[in-house]
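Q: For this one, chain Y is given, so just place chain R with the ligands on it according to the hints.
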Amino acid sequence: MSQQFSGNLGTVLRRELASYFATPVAYVFILIFLIMAAAFTFYLGGFFEREIADLEPFFRFHPWLYLFLVPAIGMRLWAEERKYGTIELLLTLPITATEAVIAKFLAAWLFIGLALVLTFPIWITVNMLGDPDNGVILAAYIGSWFMAGGFLAISACLSALTRNQVVAFILAVVVCFLFLLSGLPMVLDPFRAILPQPMLDAIANLSFLVHFSSISRGVIDLRDVLYFALVIGFWLIANRIVLEIKKAS
Amino acid sequence: MIEAKSLTRRYGPLLAVDRISFTVEPGTVLGFLGPNGAGKSTTMKMLTGFLPPTEGTAVIFGHDIITDSLAARRIMGYLPEGAPLYGELTVAQFLDFTARARGLRGRQAERAIAGSVDRLTLGEVLPQTIETLSKGFKRRVGLAQAILHDPRVLVLDEPTDGLDPNQKHQVRQLIRDMAEDRIVIISTHILEEVDALCNRAMIIASGRLLADDTPQGLLRRSRYNGAVTLAVDDAQVVASKLSELPEAAEVEIRRGRLTVFPSGRGNLFDAINRRLTEHQIRIDEIQLEGGRLDEVFRSITMEEAA
Ligand SMILES: Nc1ncnc2c1ncn2[C@@H]1O[C@H](COP(=O)(O)OP(=O)(O)OP(=O)(O)O)[C@@H](O)[C@H]1O
Ligand SMILES: [Mg+2]
Chain Y
34 MSQQFSGNLG TVLRRELASY FATPVAYVFI LIFLIMAAAF TFYLGGFFER EIADLEPFFR
94 FHPWLYLFLV PAIGMRLWAE ERKYGTIELL LTLPITATEA VIAKFLAAWL FIGLALVLTF
154 PIWITVNMLG DPDNGVILAA YIGSWFMAGG FLAISACLSA LTRNQVVAFI LAVVVCFLFL
214 LSGLPMVLDP FRAILPQPML DAIANLSFLV HFSSISRGVI DLRDVLYFAL VIGFWLIANR
274 IVLEIKKAS
Chain R
7 MIEAKSLTRR YGPLLAVDRI SFTVEPGTVL GFLGPNGAGK STTMKMLTGF LPPTEGTAVI
67 FGHDIITDSL AARRIMGYLP EGAPLYGELT VAQFLDFTAR ARGLRGRQAE RAIAGSVDRL
127 TLGEVLPQTI ETLSKGFKRR VGLAQAILHD PRVLVLDEPT DGLDPNQKHQ VRQLIRDMAE
187 DRIVIISTHI LEEVDALCNR AMIIASGRLL ADDTPQGLLR RSRYNGAVTL AVDDAQVVAS
247 KLSELPEAAE VEIRRGRLTV FPSGRGNLFD AINRRLTEHQ IRIDEIQLEG GRLDEVFRSI
307 TMEEAA
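Those protein sequences? They're chains Y and R, same order as listed. According to our numbering, the first sequence is numbered sequentially starting from 34. According to our numbering, the second sequence is numbered sequentially starting from 7.
Keep in mind the hints are simulated off the structure, nothing from the lab. Do not take every clue at face value.
Quick list of the computed label-pair ranges, beta carbon to beta carbon [claimed, not checked]:
#, chain 1, residue 1, chain 2, residue 2, range
1, R, 124, Y, 282, 34 to 40 angstroms
2, R, 135, Y, 171, 35 to 41 angstroms
3, Y, 262, R, 113, 36 to 42 angstroms
4, Y, 232, R, 28, 52 to 58 angstroms
Here the structure is a predicted model, which means the values were calculated and not measured. Glycine included, every Cβ here is placed at the ideal spot set by N, Cα and C.
With the rest of the complex left out, here is chain Y (with noise of 0.2 angstroms):
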């Protein structure tokens, strides 16, 4: 059974990441990341004139990076195959739904996971030029990607309610958007007049920014990676049946 389960995800996920760079979009995604991580961290982040050999310029803008570029390789997810028919093909394989909802998020996780790696060339930039500690780096990256999976997961999920990747794209920016700012007053203000005091802070809790930003300075919490893998989670299952429902439509 498991044996079958990890062939059938692995079967999945090769056909996904071969998808990927069968067209442009895979190396024009992966060239727009490194640019704009590249940009963030220089310019805005102000890396050289900051004089301190870490990467925290560099990981402070990830969440803003991924609110855009992640619901960009996740709205294809499910709205295409839909669009296509080609769903129909999937899911009457002996192939499990929950099975493809597993697979198809992995590939595109994974693939998020190479464009992270290429950044490698300002790991390598700040080893140049002090003495980082490449542990806390290290931990920064890994609670990067987790974070990536976050939005990722949510992306995957609104992308099945719909066969029009735009509408997807656009309602997972928006929720994206939601998580990340969940503890900010713009967010929480609304809120305040209709929901209780433990609530709030619940909602609060949820923030995305609030759980990164102690990644992004080295502090490695495993209670912040584990909430991102409890978001992850959460949104596959939700992805598991939205797909249950809205694939007849």
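A: Chain R with the ligands only, in chain Y's frame:
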């Protein structure tokens, strides 16, 4: 064997498939016939495990499509309507994916792909990206995917739709070859296809099963069954002579051709021949009709609508 038990599917308030039941034995090529929106594709989507039925179920060689879905899917091959494919992949990549998804690995997978490629003559397009293929080739890739694992049940939704006559012929030949000791279910709007290909036909309209018969059986329901059509110089005169025959029920003239319908008493064809000789009427052409499927189709499905 396939047993459909009261298969029903609603889309919101719309009843797309209404309690369809049937049993199919191996060796059958079953044709689904019906007007647009009849529920043919929806029935196929339920049989192949894509859509759960709202009510009822089907059992495919002992595997219930609801409770034992994976096992049922394993022995089925499916060509969905419009033959959807992953357009950005090459044919080779796509078939490789299908083989793996079917649990085939290594030599087994190679052999299955080679067999399928050979049957559908896809050799020359293996390295080509699917979206750049012609419609005929795309359809063949869809069929290759469906037959790759040598399934006991093949469900093909409009397999020859939009193909040129040569490709149609090839696909029909393939279906005939596959039919032996398997179950093939096709849907089609082409009535001759049913006659040429199927040994059983079901007419579905508004989600309901209205007729379940052999193509010959359906033809016998035609009022043209046993009618005689003649091409003569003076149709009016000949018509009045022939309508007196007790064997003839009715005579119709259309574009100079005369059709005499049988009354069921005696042999109409012989009677007409005798009458023609008696009166020394010269004919250009005479033909005994077997029946017209389009007319049967219309009368069965329109009756429903009325
Ligand atoms: N996803 C859906 N949501 C709502 N209604 C649907 C959906 N799919 C099909 N229908 C409706 O269900 C009915 C049956 O459709 P189906 O596609 O099964 O017909 P069909 O016999 O295959 O028609 P055709 O010959 O045109 O392919 C139609 O009225 C159709 O509009
Ligand atoms: Mg159809």
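Q: Each hint: holds or not?
A: Hints versus structure:
{"no.": "1", "hint": "R:124 to Y:282: 34 to 40 angstroms", "verdict": "38 angstroms, holds"}
{"no.": "2", "hint": "R:135 to Y:171: 35 to 41 angstroms", "verdict": "39 angstroms, holds"}
{"no.": "3", "hint": "Y:262 to R:113: 36 to 42 angstroms", "verdict": "40 angstroms, holds"}
{"no.": "4", "hint": "Y:232 to R:28: 52 to 58 angstroms", "verdict": "55 angstroms, holds"}
In this structure, every one of the numbered hints holds.
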